[in-house]
Amino acid sequence: MHNLNNLESTKKLYDLTASSWVREKPSSLSDFTARPFILDMCEPLKGRKVLDLGCGEGYCTRELSKRGAAQVYGIDISENMIRAAKQQEEKKPLNISYENACATNLKQFGDNSFDLVVAVFLFNYLNNTQMKQCMSEVARILRPAGQFIFSIPHPCFPYMRDAEYPFYFEVNDKGYFSQRDRQFTGKIWKIDGVSLDVQLIHKTFEDYFDALRDTGFEKMPILKELRVTPEMIALDPSFFSPIADFPLHAVIKISK
Numbered sequence: 001m002h003n004l005n006n007l008e009s010t011k012k013l014y015d016l017t018a019s020s021w022v023r024e025k026p027s028s029l030s031d032f033t034a035r036p037f038i039l040d041m042c043e044p045l046k047g048r049k050v051l052d053l054g055c056g057e058g059y060c061t062r063e064l065s066k067r068g069a070a071q072v073y074g075i076d077i078s079e080n081m082i083r084a085a086k087q088q089e090e091k092k093p094l095n096i097s098y099e100n101a102c103a104t105n106l107k108q109f110g111d112n113s114f115d116l117v118v119a120v121f122l123f124n125y126l127n128n129t130q131m132k133q134c135m136s137e138v139a140r141i142l143r144p145a146g147q148f149i150f151s152i153p154h155p156c157f158p159y160m161r162d163a164e165y166p167f168y169f170e171v172n173d174k175g176y177f178s179q180r181d182r183q184f185t186g187k188i189w190k191i192d193g194v195s196l197d198v199q200l201i202h203k204t205f206e207d208y209f210d211a212l213r214d215t216g217f218e219k220m221p222i223l224k225e226l227r228v229t230p231e232m233i234a235l236d237p238s239f240f241s242p243i244a245d246f247p248l249h250a251v252i253k254i255s256k
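For the sequence shown, this note's numbering puts the final residue at 256, and the numbers step up evenly by one.
Rather than coming from a laboratory, the hints here were simulated on the basis of the structure. Careful, some of the hints might be misleading.
Said to hold, decoys possible - Here are the computed distance ranges between Cβ atoms for each label pair:
| id | residue 1 | residue 2 | range |
| --- | --- | --- | --- |
| 1 | I233 | K187 | 15 to 25 angstroms |
| 2 | P36 | R83 | 23 to 33 angstroms |
| 3 | R180 | A70 | 34 to 44 angstroms |
Every value quoted in this text rests on a predicted model; they were computed, and no experiment measured them. Cβ atoms here follow ideal geometry from the backbone N, Cα and C, with glycine treated the same way.
All chains, please: the whole structure from these sequences, using the hints.
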C-alpha cells in the first residue's frame, strides 16, 4: 500500500484501536524490547521540560513524569489516543499536558523551549518529507544543548522476517532501497496473545541521518540497536524466542 494520505490513515487506525493500547504495565512486545531502553536514554530527567511526540495514550509520557521531569507535554494526531491519555491523567494526576496535534507543525511551542524531545515510534508513520518537517520543528523548539531521542523499527527488520508472531511488517517485495517511503501494514503482539495493528513507512538509516543533518542537527548521534535479551527469553520463551537475534528497533539520540 502506498503512503497516500498517511497521516489520515494513522489517525484512523489509532482512533479505532486507542482503547487496546491503554496499559499501566508492559504489555506489547516493544514495551519490553524498546521502551525501557528509550526511557533510560532520557535520563537524567529531574528538572527538565520534556515533549513526547506521538505520545499515544501516554504510556511513556507518564513514565517521563514519574522519573522526575519538571514539565511534560504530550501530543498525538489521534483524538481518541489523547482522550485516553487525559482519562489516565484524571485518574492519577501527574501534571502532564496533552494536546491533539500533528508532529509536523509545533507552532504552539516557542523557540528554545524544551530540554528534551522524545518520539517513540513516530517516524514509521511519517514519510521522508514529513519527517524532515518534524525534525526542523524539533530543532527549533529545543534549547541549546537540548536532546532529541527517537526510536524506529530497525530498517532491516521487515526484510529479514516473514509475517509471523509476535512482530512483523508485511512488505510486498524485498527491495530495501526501492521501497523507500512506501507504507506497509504490520502487527505486534501483546504478551497476553492479543495482536495490535501497526504501520511502517520504510526508510533507510541514510534517510534518518540525512534528515537530521538537513534540519540542523550537526553533532554526532548515538545509535543503539535493540533486540531480545536473555532475560526476556527467561521471562517468556514462547513469546520472545521467535525473534531472538533479530534487529527489532533502533534508538537515536542527538544533541542540538
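So, going through the hints one by one against the coordinates:
1. I233 to K187: 15 to 25 angstroms: Since I233 and K187 have Cβ atoms about 21 angstroms apart, the given range 15 to 25 angstroms holds.
2. P36 to R83: 23 to 33 angstroms: holds, 26 angstroms
3. R180 to A70: 34 to 44 angstroms: holds, 39 angstroms
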